[in-house]
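> Given next are the chains, with one letter for each unit.
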Amino acid sequence: MKWTIVVGVKQVPDADEVGIDPDTGRLDRANAPAVMNPPDRDALEAALSIKDEVDARVVAMTMGPPMATPVLEEAVAMGCDDAVLITDRAFAGSDTWPTSLTLARAAEYLGADIVMAGEETTDSSTGQVPPGIAAHNGWAQLTYVEDVEARPEANQLIATRDVEGGYERVAADLPVVVAVAYGEFEPRPAPLHRKLYAENDFEPMQLTAEDLGIKDEVGLDVSPTSVGGMETVQPVERKSEVIDSADDLADQIQEVML
Amino acid sequence: MNDKSTQAAGATLLDERAGDAALEAPNYDNDFDAIIVGAGLAGSAAALTMAQRGLEPLLIERGKYPGAKNVFGGVLYTPTIRELTDLDSAPFERYIGEKRFSMLSHDDETAVSLKPGDWHREPHNDSYTVFRGDFDEWFAEQAVEAGATLVTETTVTDLVREGGGIVGVQTDRPDGEIRAPYVVLAEGGNSLVSEGADLKAREDRTNIAVAAKEVLEFPENDEAIEDRFRLVGDAGVSYHYFGEGAVGEAYGGGFIYTNDDTVSVGVAYSLDDAATKRQSPEETLNLFKSHPAVAPLLKDARTVEYSAKTIPEGGAETMPDLVHDGAVIVGDAAGLVLNNGVHLEGTNMAVESGYYAGDTIAKAAENGKTGASALQSYPERLENSYVVQNLERYAWLTERVEEDRDLLFEQLPRAIADASTEYFRMDRSPKATHAKAAKQRIFETLGGWKGATKLALRYRKLVR
Numbered sequence: 001m002k003w004t005i006v007v008g009v010k011q012v013p014d015a016d017e018v019g020i021d022p023d024t025g026r027l028d029r030a031n032a033p034a035v036m037n038p039p040d041r042d043a044l045e046a047a048l049s050i051k052d053e054v055d056a057r058v059v060a061m062t063m064g065p066p067m068a069t070p071v072l073e074e075a076v077a078m079g080c081d082d083a084v085l086i087t088d089r090a091f092a093g094s095d096t097w098p099t100s101l102t103l104a105r106a107a108e109y110l111g112a113d114i115v116m117a118g119e120e121t122t123d124s125s126t127g128q129v130p131p132g133i134a135a136h137n138g139w140a141q142l143t144y145v146e147d148v149e150a151r152p153e154a155n156q157l158i159a160t161r162d163v164e165g166g167y168e169r170v171a172a173d174l175p176v177v178v179a180v181a182y183g184e185f186e187p188r189p190a191p192l193h194r195k196l197y198a199e200n201d202f203e204p205m206q207l208t209a210e211d212l213g214i215k216d217e218v219g220l221d222v223s224p225t226s227v228g229g230m231e232t233v234q235p236v237e238r239k240s241e242v243i244d245s246a247d248d249l250a251d252q253i254q255e256v257m258l
Numbered sequence: 001m002n003d004k005s006t007q008a009a010g011a012t013l014l015d016e017r018a019g020d021a022a023l024e025a026p027n028y029d030n031d032f033d034a035i036i037v038g039a040g041l042a043g044s045a046a047a048l049t050m051a052q053r054g055l056e057p058l059l060i061e062r063g064k065y066p067g068a069k070n071v072f073g074g075v076l077y078t079p080t081i082r083e084l085t086d087l088d089s090a091p092f093e094r095y096i097g098e099k100r101f102s103m104l105s106h107d108d109e110t111a112v113s114l115k116p117g118d119w120h121r122e123p124h125n126d127s128y129t130v131f132r133g134d135f136d137e138w139f140a141e142q143a144v145e146a147g148a149t150l151v152t153e154t155t156v157t158d159l160v161r162e163g164g165g166i167v168g169v170q171t172d173r174p175d176g177e178i179r180a181p182y183v184v185l186a187e188g189g190n191s192l193v194s195e196g197a198d199l200k201a202r203e204d205r206t207n208i209a210v211a212a213k214e215v216l217e218f219p220e221n222d223e224a225i226e227d228r229f230r231l232v233g234d235a236g237v238s239y240h241y242f243g244e245g246a247v248g249e250a251y252g253g254g255f256i257y258t259n260d261d262t263v264s265v266g267v268a269y270s271l272d273d274a275a276t277k278r279q280s281p282e283e284t285l286n287l288f289k290s291h292p293a294v295a296p297l298l299k300d301a302r303t304v305e306y307s308a309k310t311i312p313e314g315g316a317e318t319m320p321d322l323v324h325d326g327a328v329i330v331g332d333a334a335g336l337v338l339n340n341g342v343h344l345e346g347t348n349m350a351v352e353s354g355y356y357a358g359d360t361i362a363k364a365a366e367n368g369k370t371g372a373s374a375l376q377s378y379p380e381r382l383e384n385s386y387v388v389q390n391l392e393r394y395a396w397l398t399e400r401v402e403e404d405r406d407l408l409f410e411q412l413p414r415a416i417a418d419a420s421t422e423y424f425r426m427d428r429s430p431k432a433t434h435a436k437a438a439k440q441r442i443f444e445t446l447g448g449w450k451g452a453t454k455l456a457l458r459y460r461k462l463v464r
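Here the protein sequences come in this chain order: A and B. Per UniProt numbering, the very first residue in the first sequence carries number 1; after that it's consecutive. Per UniProt numbering, the very first residue in the second sequence carries number 1; after that it's consecutive.
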């Protein structure tokens, strides 16, 4: 039986290009170019490495405006068999609860045996979405996964998880949601002809909230998160003192050390 | 096993789409009319020209975006680009409203400044400061809008040959070979593909200049650029410096160009000097920046960017064969750079060569012809253009200046500075005495009337 591996990817502002407005102290994300969430690249690699071993198809999905299509193209360029854009104005303002519900329904709709995603996104860092998908669907979950091993004959996935003082190997029955540890998988480069295809000729499948039957269960209104307030931390003033001679300096250091 | 039958309506959709052969194993061999190696100015000019003629070229760029890997001094000359596309949305910094040539000895400066009123009017003598990261990206976009396809983060590593002809390129990606009827090599001065494929000899270091450049901002002074360079509106300057105060004992020069809110400061000099005189680009640039005539212009500036590159300066003589069976060479890769001190040009010649190459390929494609003979009109047209004519016009100069370098860059600047000191000296002797002493100082250096006449004859072609 062919496995379907669905990989959640997200478009985020390029962290290397995010600046801090010196006047307001706020992150300036608007001017940063959009890129694929780096941990999701690891998730794609993990998914493709399973496909290298067993009969499977890998499908990337993202939830966002049509502008997010380039991350799907990148996924297809790397080797995904197909990609799905989940897009609807109804999704606007969704926090991790409706987001994970949407992705859970999409995974179900696509007939996923395995859902994979990066452990968290670099622009919000909650790490809540992969476990949320598992919870909404009542599926098994494997988090902070450093290595995967497919057991198609048992319909199981075995994961190596990072735990304090070592690692553990856990087997999960499918369907399962896997949150991949960032930095543990080296994303493969896109083959040239695939990259050309993905960027120039590929059109992702599109799904709306209605397709997934969750029209009234998404968006800002059903998002339980509320922001209590924001605070900018002021840098601590550091004491500085100029000491003219080495002897005085030695005395000072001694004083501090005692 | 989970029961997919009820929920997974999407799985059926995936199954239907999976039959697509393009999705399974895409292949673009001979799908594009031409492959262009490098989305710099020459490459994008070739791509834009071909796309405008109805061809579908593929531009392959190794950087994250076009311009990411490109370095130049800072002034772009735009007569040909203006012909090729609308410049209204082009990311210019400032137009050049003043050119200044300055001779620096150890601590003196003697300068000539040119500010024709015409330069302040459109199209500003087609001279603008730009950042390559912005401009090249914009220019490549024009090519893509016209119908070219751009692929980035892909490095061409070799050419693909079949039956002696060039039929495609090899890239660093998996499944990285791609074929097309024509290949344009626009890979820049460090032309590893052309050299590796024996289309061009490895350059001698005497024909290469090394350049180092910094972009500086003035964090505490918003008016620094307008005030120090006496600018209004979008006007800018290009300052050129020669002599030992600019590049020490090396053969070359320094420059300052004004951008919108930064300045570009750099030095360019013979790679041979960098090697034999142990003069590092960094030291040379720092020395130039601290010259008493330069330092006040840059006071309290902060470095925001540092870059370096090599410049092919061999001129017409070292140009490789520009046409091969299935491929042409354009821009810096073809050695199309003019640097004679007064004129510093390369990007305009890159665009010009890209345009002729693109146009030639479009005509060859129209006639269904490939091979070297079909592309022969590219070098012919280039030779009849200003590009090769200018290179040939100044071919003698580099050699001659090289012979006279001590006189021109060290002795003469000192003599001129000393002579001006004499000529304008304020003391109680009559002016006639000062003038005589000044003349004496210059003549000593030149070797009297005879020496002066000889020198004038040697360089008369400069103003011919």
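For the record, the hints were derived by calculation from the structure and aren't laboratory data. Fair warning: there could be bad hints in the mix.
As the list claims (entries may be wrong) - Just so you have them, the derived chain A footprint on chain B, three or more residues with Cβ under 8 Å: (1) 26-38; (2) 174-180; (3) 290-303.
Said to hold, decoys possible - Interface residues of chain A toward chain B, partial, derived using beta-carbon atoms under 7 Å: (4) Y109; (5) R151; (6) P189; (7) H193; (8) L196.
Cβ atoms here follow ideal geometry from the backbone N, Cα and C, with glycine treated the same way.
> Which hints from the list above does the structure break, by number from lowest to highest?
3, 5
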